[in-house]
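So the protein lines, in turn, are chains A and B. Under this note's numbering, the first residue of the first sequence carries the number 1, and numbering increases by one thereafter. Under this note's numbering, the first residue of the second sequence carries the number 1, and numbering increases by one thereafter.
I should point out that these hints are in silico values taken from the structure, not numbers from a laboratory. Hints may be right or wrong, so weigh each one.
[To be verified] Here are some chain A residues pointing at chain B (derived, C-beta under 10 Å):
1. Ser143
2. Gln144
3. Ser150
4. Gln285
5. Tyr287
6. Ala305
7. Asp308
8. Ala315
9. Val323
10. Thr354
Source: prediction; values computed, not measured. Every residue gets a Cβ at the ideal spot worked out from N, C-alpha and C, and that includes glycine.
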Amino acid sequence: MDGKEWVGSMTDFLLELRSEEIPARMQVKAKEDLARLFNDALAKSGLTAASVEVFATPRRLALIATGLPVATEAVSEETKGPKVGAPPQAMEGFLRKSGLSQDQLVERDGVYYAIVEKAGRQTADVLAEAIPAIIRAFPWPKSQRWGAASVSTESLRWVRPLQGIVALLSDAVVHCEIDGIVSGAETMGHRFHHSGPITIGNAGDYIEKLRAAHVLVHFSERCRIIRDGAKAAAEAAGLNLVEDEGLVIENAGLTEWPVPMLGRFNPAFLDVPQEVIQLTARVNQKYFVCHDSAGKLANAFVCTANIDAHDRGAAIVAGNEKVLAARLSDAKFFWEQDLKVALGTQAQKLAQITFHEKLGSVADKVERVAKLARWLVTKGIVTGANADAAERAARLCKADLVTGMVGEFPELQGIMGGYYARAQGESDAVADAIRDHYKPVGQGDNVSNAPVTVAVSLADKLDTLAQFFAAGMPPTGSKDPFALRRAAIGFLSLLLQNDLRCSLKDMLVATGAGNSFDTLEEFFIDRLKVQQREAGVRHDLIDAVFSLGGEDDLVRLLARVKALQAYVTTAEGANLLAAYKRAANILKAADGVDSAAPASADLVGEELALRAALDAAEPKAAAALSVEDFEGAMAALATLRAPIDAFFEGVMVNDPDQDKRAFRLGLLTRFRDAVTQVADFSKIEG
Amino acid sequence: MTKSGALIHNLDLAAYLRQWLVMSDIVPLSFQDLILTLHDYWGKQGCAILQPYDMEMGAGTFHTATTLRALGPDPWNAAFVQPSRRPTDGRYGENPNRLGAYYQYQVILKPSPPDLQELYLGSLKAIGIDPLLHDIRFVEDDWESPTLGAWGLGWEVWCDGMEVTQFTYFQQMGGFDCKPVSGELTYGLERLAMYIQNKDSIFDLVYNNATADRPAVTYGDIFRENERQMSTYHFEVADTDMLFDAFKKATAECESCLQHALPIPAYEQAIKASHIFNILQARGVISVQERASYMGRVRDLAKGSCQAWMEKNGWAV
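Please model the complete structure; the sequences and the hints are all you need to start from.
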């Protein structure tokens, strides 16, 4: 067909990059990357598609673009160059860049322009260039070389060996080649349900032809089948599926034809803590677990196969049951062995585990945390806890690290300690503290309010932070190998949500890690800003209060910041801030300011009013601050707003009369200082 | 038809019959037939069927046929069983799923052929695993050996949820880029056999094929006492002073070999040091902080040997 007849008409494009199995965890991002790279390539050539849809299965990454013009339009690109009479270097540079000679430039209004006419191109040609470029630029988190071509380290890289490329614009193959892989119209169906190649006609029949070959190209369709099928399998057995969207996605990334099936395990394994069963099933085997009608963990799981087996899955279920049984019997063995050893005995082994080479063993850390937890209780910072219980919980909190179960499943640290402690007769308060002392992990995790837990958890985080900072190992840039940022956020959440009142410095000194904690205090303030961002607390206001110095009770600091924010975001507060800045600027320019400069006999009304307002506001603000009534302090400042505005309106500060000037500067100094009692307004933005 | 021709024909028929019985799940493969079938299969794919390396090692990857041959440009296709020792995994023959010594079936194909996955799946069919009856899956599992300075990308292959094979495309060995890349398959023979024979304990595996007057023996008959004694030795008896000394001597010997540009004997000393380190680990006398430094020393020996091998062959840059 003559290309010209196509101009103005629209067509669809199919791209499939078929490879060996793509890791499940990478597929969602890979879809996004493919869409982005494709759209960028189109845009660079002046093309847009009406729609772009991307697909991922374990063995293929695909894209369908609809409504693509079959050719790009001719464009005239104009680039502005140097002015007429510009230095010759500028002209030379411009000619080099544009690839033109000076007589090819166009002059308009004393400026040279380079005009490049670009003819329209066939979209197929654009795509033929774009496909290899997309493949080479693809940002896989990890990629590899393979095959004979890999004698060179420059050979093509892909997440796993790339096997084939389908590229069809309308019904025609877009011809391209990359490292010996030639594009075509043929692909493969399901690895086991379909043998031999499938020829795709065009984008329109891709999905259905693959469906006929037992491949569900739509990620979301596979997710739905797994989600609904797993639920139905559980319900058919009179159970409730424990829903888990992460598992749905993972299994969708492991299958082209998902078939959820229910299996069972020996109920004797239910003696093992349910977290262990769940973890084994979920992480090691990618199974869903089920609850019985009473909401307890049932001896059943749902696995997702990738085939419609000809015995309807009996062998697959039997095989999976056997694997899970072997894993659970290992877990049961660890559970029973660990129960025989008292946590106190296990804790002694912590002396052999290094916490950090500069910071001693885990036993050393435990000793510090125990002391600190006791201190937090006896000082009344954490109230309602028994100091002995806090110390006991701290001494046992890391003991599960040397148990067989945590050796096998490190994710269960804390949780297992809680189980062992309870089974060995520790009080609930102690067992709960052992279980929960690693929490909160990240924002959004539950923050405990159980006093013993709070004491141990705070002590643990405080110790870690103080020790690493004292040893000169703060996080730097993106590097935070000891998760100190997370520890600080956890510490702040515990402190703020439990309203724990204490000077930060006192707590840091109590860790025994040193005496100087300036960088750590600043680190805490930085973390506080991050933590409070979500709650909408402004970082500049945190600075404004913190930089006053002396305020290191973080609960009080935050209350102060919130009162400040409530005020400065009102119109009145904004005016006061503007007045403050004006006063500060005037004072900065002046020298020899004396807030006690004597008043002249002929004070004008605005001066009198401001002085009276200051006389009234200063003690009020100070009194309010002394009882932590920050709203009251703000209200006192608010009374200055009208007089200061009137003052600036009606009075010239820099009066030629030096006495008048000195008195007025004195008033402004009083005003600035009154405001600064509450917060350092110079740190406030806007 | 000549006599020998008839014999071959009969043998083929016997093989066919056995294959049919296996595929029909009537007679599962014995442990030794599993090995023989894999030998037969990979032999037909052009692999040299090698014998195990005659030293103690933790995995088939340590065999020079893998480590050293994965380096350099020459094609290399081999398959072998490697007895693998993991002293810390010993359980005195009490645990049905764990052993201190077991057998890996190792295949290495260099460069990795384009149909490596298909070849591998063919081997599963040959040992009686029907992929429309059993759920075979390639699940991401990147491989790294800190003691060999090696890594690759690939999968653990699942059969009905059980890992039966490690499938790896080597990217680096001994710190050197693999040019070209080798494909490595490591079958866990005991696991596969437990699966095929439907046994819950390794020790119940049928090892050989009974005849009318010669009964079959089990894996336990052959190896359980070995597991008991070796566990006792590794966990309780091994003379740690002697072992620390032996580690030092192996290290020194390796370095001496390297000075004489003898990469193979140097590498053998590296393997020796690695195994001694494993026993010391089982003895529980290496602390967490020392562990990394011992592993680093073994890695240096292995890397040095690989470097010397590259130089000897004229491949080193």
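Status of each hint after checking the structure:
| no. | hint | in the structure |
| --- | --- | --- |
| 1 | Ser143 | 8 Å, holds |
| 2 | Gln144 | 4 Å, holds |
| 3 | Ser150 | 4 Å, holds |
| 4 | Gln285 | 5 Å, holds |
| 5 | Tyr287 | 8 Å, holds |
| 6 | Ala305 | 4 Å, holds |
| 7 | Asp308 | 8 Å, holds |
| 8 | Ala315 | 5 Å, holds |
| 9 | Val323 | 4 Å, holds |
| 10 | Thr354 | 5 Å, holds |
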